[in-house]
Amino acid sequence: MRRPIAAVAGVAAGVLALVAAGCGGGGSTSGVQGASHTITAGKKGGTITILSNGDVDHIDPGAAYYQFTYAITYVTQRPLLAYKPNSIQPTPDLASSMPTVSKDGKTVTVHIRPGIKFSPPVNRVVTSADVKYAIERGFDAAVGNGYAGAYFGVIQGAPTKIGNSVPNISGIQTPNKTTIVFKLSQPSGIFVSGLQEPLTAPVPADYARKFDKGKSSSYGNHQVATGPYMIQNNAAGTITGYTPGRQIVLVRNPNWNPKTSWRPAYADKIVFKEGFDPTVGTKQILSGQADANGDFPPPAANMKQIESNSSQKPELDFTPTAGSRFVALNTQKPPFNNKYVRMAVAYVLDRNAMRLTRGGAIDGKIATHFIDPSFGSHGFNQAGGYGYNPFPSANNSGDVAKAEAMLKKAGFKSGKYTGPQVTQVADNVAPGSNTAAVVANSLQKIGFNVKTISVQHAAMYTRFCGVPKNAPNICPNVGWLADFHEPQADLDANFDGTNILPANNVNWSQLNDPAINKLMAKAKLELNSEKRWAEWGQIDKMITASAAAIPWIWEDSPTLYSPKVTHATELWNGGEPDVSFMSVK
Amino acid sequence: MGAYIVRRTLWALLLLVVVSFLTFVIFNVFPSADPAALRAGRNATPALVHQIRINLGLNKPFYTQFWIYFKGLVEHFNLGYSYYNSESVKSEIFSRLPATISVTVGGFIVWMLIGIPVGIVSAIRPRSILDRVMMGGSLVAISAPVYFLGLVSLFLFAKGTGQLQWFGAAGSYVPITQNVGVWFNSLVLPWLTLAAAFAAFYARMTRGNLIETMHEDYIRTARAKGLRESRVITKHGLRAALTPIVTMAGMDIGLLLGGAILTEIVFNIPGIGRYAYDAIVNSDLPAIQGTVLFGAFFIVFANLVVDIMYAFLDPRVTYG
Amino acid sequence: MALLEIEDLHVSFKTMDGVVRAVEGVSLSLDPRKTLGVVGESGSGKSVTAQTIIGLTRFPNATITGRILFDGHDLVTMSTDDLRAIRGARIAMIFQDPLSSLHPFFKVGHQIVEAIRVHEDIPRDVARKRTIEALRSVGIPSPEERFDSFPHEMSGGMRQRAMIAMALALRPDILIADEPTTALDVTVQAQVLELIQALRDDFGTAVVLITHDLGVVAQMCDDVAVMYAGRVLEQAPREMLFTQPQHPYTWGLLQSIPRLDAPRTERLSPIAGSPPSLINAPRGCKFHPRCPYAPPPAFETEPELAPAEPGHLVRCHLPVEERRRVWQSLQQEHPVLR
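Chains as they are written, first to last, in this note's numbering: chain X, 1 to 585; chain S, 1 to 320; chain D, 1 to 338.
Hints are supplied without guarantee of correctness; some may be wrong.
[What the hints assert, rightly or not] A short, non-exhaustive set of chain X residues, derived as facing chain S with CB atoms under 7 Å:
1. Lys-161
2. Pro-244
3. Arg-246
4. Val-271
5. Lys-283
6. Asp-350
7. Tyr-388
8. Pro-390
9. Lys-564
[Stated by the list, open to error] Think about it this way: if two alpha-carbon atoms lie no more than 16 Å apart in a straight line, the pair counts; the simulated EDC-like pairs of lysine to aspartate or glutamate are:
10. X:Lys-524 <-> X:Asp-206
11. D:Lys-107 <-> S:Asp-314
12. X:Lys-215 <-> S:Glu-87
13. D:Lys-34 <-> D:Glu-5
14. X:Lys-365 <-> X:Asp-268
The set of hints was computed from the structure by calculation and includes no laboratory data. Ideal placement from N, C-alpha and C gives every residue a C-beta, glycine not left out.
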């Protein structure tokens with residue numbers, strides 16, 4: 001998960017307008033699943049302008065953890081592995097070939113391409129030690145990387161206590177300048193996939209150490225690049241192309257050698273202009289003043305116009321976001337500690353109405369389990385694909401009769417819930433607040449009296465749903481995006497009962513099912529991807545059937561291009577534009 | 001007067017302390033997001049969240065946090081560092097100040113140049129067709145939301161998105177020091193948008209004040225002296241009618257210098273208002289605190305200036 | 001020949017509530033160096049008459065007919081520009097409340113200088129000297145300093161003196177004083193009246209004195225017109241009016257003057273009832289609803305303003321003998337009318 005799933009503000013009004021107009025936009029999302037967007041070769045030169053509403057999360061590649069930031073990080077930095085835009089399968093980038101894993105799964109060896117150089121002012125050749133340092137600084141609170149523990153904590157010697165210094169991790173070894181060996185404390189099915197995170201992009205220790213000192217690293221403002229582009233800087237190495245909240249200017253990295261990279265890097269310059277109202281930004285893209293949207297979806301009213309305009313419609317790409325939104329039920333306290341009460345909720349929820357609160361079919365498909373269609377053979381099919389739906393209802397509008405049957409099994413003889421009031425903590429703004437209202441309405445049909453506490457979206461996570469002692473009965477506005485297309489990245493954090501934290505908890509249902517825990521533990525160690533994906537598919541079914549959380553939408557992310565550029569939509573990264581593959585026509 | 005200014009300044013400083021303390025209290029008492037958890041990300045280990053909490057000083061009781069903040073503010077004029085991206089709040093605010101000043105002062109000039117003459121013309125012939133048209137129009141302008149008006153102006157008159165491509169598009173702002181022409185062109189629509197409601201409001205105020213003033217006995221005296229009606233209006237009438245408007249204008253400028261939030265957002269002008277908005281979206285307390293403090297400073301300062309100005313404008317007012 | 005001759009003046013204003021007939025057929029005349037008193041309650045039309053003389057009632061909603069002859073010109077039909085040349089310069093006016101009548105934001109001296117320089121193209125410093133002289137002539141101490149005072153820095157009496165200085169700075173032919181003392185303390189009232197009197201005698205300015213106070217009239221005026229509901233009810237030389245008043249309204253006014261010889265405990269007796277609406281005036285004599293002597297014709301037809309004796313005009317249906325009889329009995333019976 002890179003970011004709270006609904007980070008973009010200002011979309012709400014447009015979505016509601018679309019609902020009022022009764023527009024479904026249904027046709028647009030067909031063919032998304034598994035299909036890659038066409039990417040055409042282009043010509044060199046020109047400037048590409050990407051518009052965004054907000055800023056990147058962290059300009060430091062070691063701290064970046066947000067799809068929009070990744071659109072910049074991956075073209076300026078070269079992690080060991082990376083993705084071609086229309087793929088979900090990692091490809092060697094800094095690495096010269098895919099990593100090799102020992103039979104016991106505890107040693108992973110990676111060779112890096114020789115002769116790759118850092119951008120000015122460092123200018124020297126990248127060595128394996130630079131990769132080691134890059135990962136190690138991820139465990140420094142001054143850098144504050146959000147996923148180092150999750151994907152690299154399995155390395156031997158990885159610190160469990162985090163301080164304000166860069167640790168030396170004994171399990172990262174550099175036998176020579178182009179070889180890096182990871183010694184793991186146990187086999188990990190997703191370790192290799194994790195090597196595509198930007199934390200593995202080299203950082204020159206000799207240059208960076210002085211910036212990493214103290215409580216807050218300033219390397220981000222002095223960073224050097226290995227990718228085809230670099231954030232504009234001055235001779236001293238200080239970044240000049242980044243003004244927080246305003247713009248980020250990428251220029252060509254003079255030390256990048258196209259022969260070592262599969263990125264075509266057509267454009268000479270890329271400007272990320274920030275602070276745009278989504279409506280204004282959309283209009284500017286349509287008018288050709290800018291070339292693509294970075295962090296905001298075009299407002300639904302604009303999407304409707306675009307969809308109905310035959311010349312504009314082809315400029316809009318839809319990409320599944322590799323995740324789902326769901327309603328989490330607190331399994332640790334009554335009434336939802338009772339499986340049948342949860343199942344009653346799963347039956348009665350009007351998922352169609354919930355989806356309408358986000359714009360209807362244009363926002364995505366109704367989810368019937370967790371692993372989303374973009375995973376394809378990486379677990380989606382194994383979880384039953386579109387066919388698996390343990391709580392079906394006509395038009396997905398809820399089935400009161402089946403819900404009442406479940407309540408009867410739970411001991412409510414009338415089929416109506418007669419227990420005490422239940423509480424949900426929800427967003428205080430649309431569309432989340434509307435979704436929560438639908439949840440409350442649905443539950444009312446089977447006798448529930450739902451009290452709604454409305455707070456800021458982030459506060460909902462960090463103060464209520466993510467803190468078990470404050471957790472309400474229902475968290476209607478939660479969701480998760482997988483960091484990459486490994487089902488473990490999609491399901492583990494949310495449903496692993498061995499990992500319920502007192503704060504910053506993401507297992508919002510506090511599901512602690514021994515059978516699920518056991519199968520998860522096994523699947524995590526599984527190195528054979530086919531077997532692993534099959535096991536996770538099974539886990540997905542088990543979680544869904546437990547009704548600890550009820551998924552309701554697999555969202556699609558729209559990417560809009562100007563008529564002046566070729567498309568390059570990142571399937572692996574929620575539809576961000578890949579500026580190293582885009583070109584000016 | 002000197003003693004008065006000193007006294008008022010001391011009160012203003014106290015007020016600023018209270019405002020920043022209240023911001024702290026509100027942020028801590030009301031359920032806002034946990035900054036450490038936000039900074040660490042949702043997949044972070046508890047160890048990382050713990051250390052970030054310490055680094056941000058969030059592990060200390062909030063009054064201690066406030067004291068540390070307050071000390072930094074008083075001793076080094078340090079407004080702290082963003083929880084979100086560690087940038088210095090002070091340098092962010094100061095770097096954004098020219099944009100906000102550009103929007104506010106330009107908008108102010110536009111609204112005064114439109115509002116006051118319209119008000120005068122309306123007041124001279126109350127209930128005439130011209131008066132009715134202008135006052136009706138002003139009601140529309142007052143009621144139109146800035147956000148909507150901004151979008152409409154962009155889709156009518158901005159380069160790229162407009163029907164008539166006359167003025168700078170959203171996001172085309174550059175500092176005046178960089179290119180005066182581009183600066184001006186990028187600000188025309190924001191100025192007009194910001195000024196619309198204010199001009200309408202000031203026109204109505206001017207009209208009301210002037211009509212009221214023209215019924216005063218001293219206006220009758222001025223006429224009895226044999227003064228030309230134009231002079232009666234412009235000298236005797238406006239002198240009295242505009243005094244409360246001048247003071248109100250001072251207050252409005254003070255308010256807007258704290259950030260013309262909606263205008264800055266629609267037109268993507270990197271000012272303090274935009275920064276304040278982002279700060280709230282990101283639960284970024286130091287940035288919220290900084291923008292609140294700055295806004296409060298401008299309001300308090302404008303108040304003081306207005307009060308002092310009043311003593312010059314209205315000889316009946318004295319401060320001791 | 002009269003200096004100012006008002007003939008059959010009618011002034012009405014269109015308002016939301018209806019047409020206000022403020023002045024209905026007033027005729028007055030003022031001779032040089034004389035003082036004409038115009039007496040009446042508020043709403044009697046006396047102030048509107050006075051303001052109409054210099055065109056201060058020329059509002060968009062006003063209708064003005066009749067003639068006001070001054071120096072051979074009709075002020076009613078005169079162009080605004082020509083009238084403005086007369087305002088302040090040849091006919092000056094002072095008002096009831098000197099505080100509200102002076103602009104609060106301008107120095108007093110400056111306001112007088114402005115009045116002078118509107119009419120005379122003289123340098124500022126010359127106008128300043130004349131202003132200081134004018135201030136001195138109305139008895140303001142240290143006028144050089146007072147020149148720079150704001151109205152709120154002066155006492156009420158001083159302010160009215162300053163107003164008079166402003167009015168008289170250009171030596172007008174006529175001074176219209178609209179309730180000049182009403183807002184002032186009793187002691188200051190006498191001083192201001194004396195000042196007006198002295199200036200009239202020194203400069204030969206004719207005065208129109210608008211007041212509701214017959215005591216002031218007795219002290220100041222040569223001729224008196226009593227107004228009610230926009231009409232003149234009685235008009236006579238001062239002596240005649242005070243010794244032989246012929247209109248019941250005048251009797252009522254006279255009975256309500258505080259008398260030095262009457263016992264202190266004696267209550268003043270204002271006339272019972274209130275003045276009529278100027279929008280829907282009663283039929284017949286406008287005073288009949290309040291008149292204890294109204295004969296039957298007064299209910300139906302309005303009496304003409306007719307000469308009762310040479311120089312004495314009265315608008316009343318009562319026969320002349322009856323009026324004399326009633327007035328005599330009133331005086332003998334009791335100084336106070338019930």
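Comparing the hints with the structure gives:
| no. | hint | verdict |
| --- | --- | --- |
| 1 | Lys-161 | holds, 5 Å |
| 2 | Pro-244 | holds, 5 Å |
| 3 | Arg-246 | holds, 5 Å |
| 4 | Val-271 | violated, 11 Å |
| 5 | Lys-283 | holds, 4 Å |
| 6 | Asp-350 | violated, 28 Å |
| 7 | Tyr-388 | violated, 26 Å |
| 8 | Pro-390 | violated, 27 Å |
| 9 | Lys-564 | violated, 12 Å |
| 10 | X:Lys-524 <-> X:Asp-206 | violated, 36 Å |
| 11 | D:Lys-107 <-> S:Asp-314 | holds, 11 Å |
| 12 | X:Lys-215 <-> S:Glu-87 | holds, 13 Å |
| 13 | D:Lys-34 <-> D:Glu-5 | holds, 13 Å |
| 14 | X:Lys-365 <-> X:Asp-268 | violated, 38 Å |
Hints 4, 6, 7, 8, 9, 10 and 14 from the list above are not met by this structure, while the remaining hints are.
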